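**Student:** Chain by chain, the residues run as shown.
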Amino acid sequence: MRLGTVIGRVTLCQTIPALRGARWLLVSPFARGHFQQRTEPPAGLSREPSPVIYDDLGGGLGDTVGFVEGREAAMPFDRDTPVDAINVALVDDVFYSPLP
Amino acid sequence: MLLARVEGSLIATRKHRSLNGWRLLICQPMDGAGVPQGGPVVAIDGLGAGLHQPVIVSTDGAAARHAVNDPKSPVRMMVIGIVDEISRGATR
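Quick mapping for you: the protein sequence lines, in order, are chains E and Z. Number 100 marks the last residue of the first sequence (our numbering); no jumps. Number 192 marks the last residue of the second sequence (our numbering); no jumps.
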């Protein structure tokens, strides 16, 4: 799982039947020096590309979310679905203290 | 598998049901000398790894799905070992 801040939502007008009615969030992933302290997400976008993640937990703009990428992201679906990034956690609080 | 250092934890009440009850540790992948490699990842932990402890993180979901006992779980990273000692020999 990686953490990121929700910076937008994506609405599809045309999609394959398996993904009709899905909810998509645009997420800016956290880089190392970019980590959140306590509950407020860090300012500024990270340089990494912002993935679009499938969301059924109800993440909103500015939320910190934990998302999983790769084949595991398609596991929760009943039939094979081409999803490779899914929201698995709405993060309330982060305790982060790296070694100097 | 990744060699990583535990650098924090997080609380998330609203999450996928298979993660309920699991500690979520922020782990920073590193090389043998302890230099961070890339960004931190979040792994579930059932071993009780402490802060700043080097651990081994499995990046394949199969072991994690088996641990959370939910074949439909999207969980992927899991702490599968706490490292006692890293001895780096000469590479030929």
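One or more of the hints may lead you astray.
Dumping the calculated SDA-like pairs for lysine to any residue here, alpha-carbon to alpha-carbon at most 20 angstroms [stated by the list, open to error]:
1) Z:Lys172 with E:Pro76
2) Z:Lys172 with E:Gly33
3) Z:Lys172 with E:Glu69
4) Z:Lys172 with Z:Asp131
5) Z:Lys172 with E:Val83
6) Z:Lys172 with E:Gly8
7) Z:Lys172 with E:Ala18
8) Z:Lys172 with E:Asp92
9) Z:Lys172 with Z:Gln137
10) Z:Lys172 with E:Gly70
11) Z:Lys172 with Z:Ala162
12) Z:Lys172 with E:Asp84
13) Z:Lys172 with E:Asp80
14) Z:Lys172 with Z:Gly108
Since the hints were made in silico from the structure, they are not lab data. Fair warning: this is a prediction, and the values are worked out from it, not measured in the lab.
**Student:** Please flag the earlier hints that this structure goes against, numbers listed from lowest up.
**Tutor:** The structure conflicts with hints 2, 4, 6, 8, 9, 14, although it agrees with all the remaining ones.
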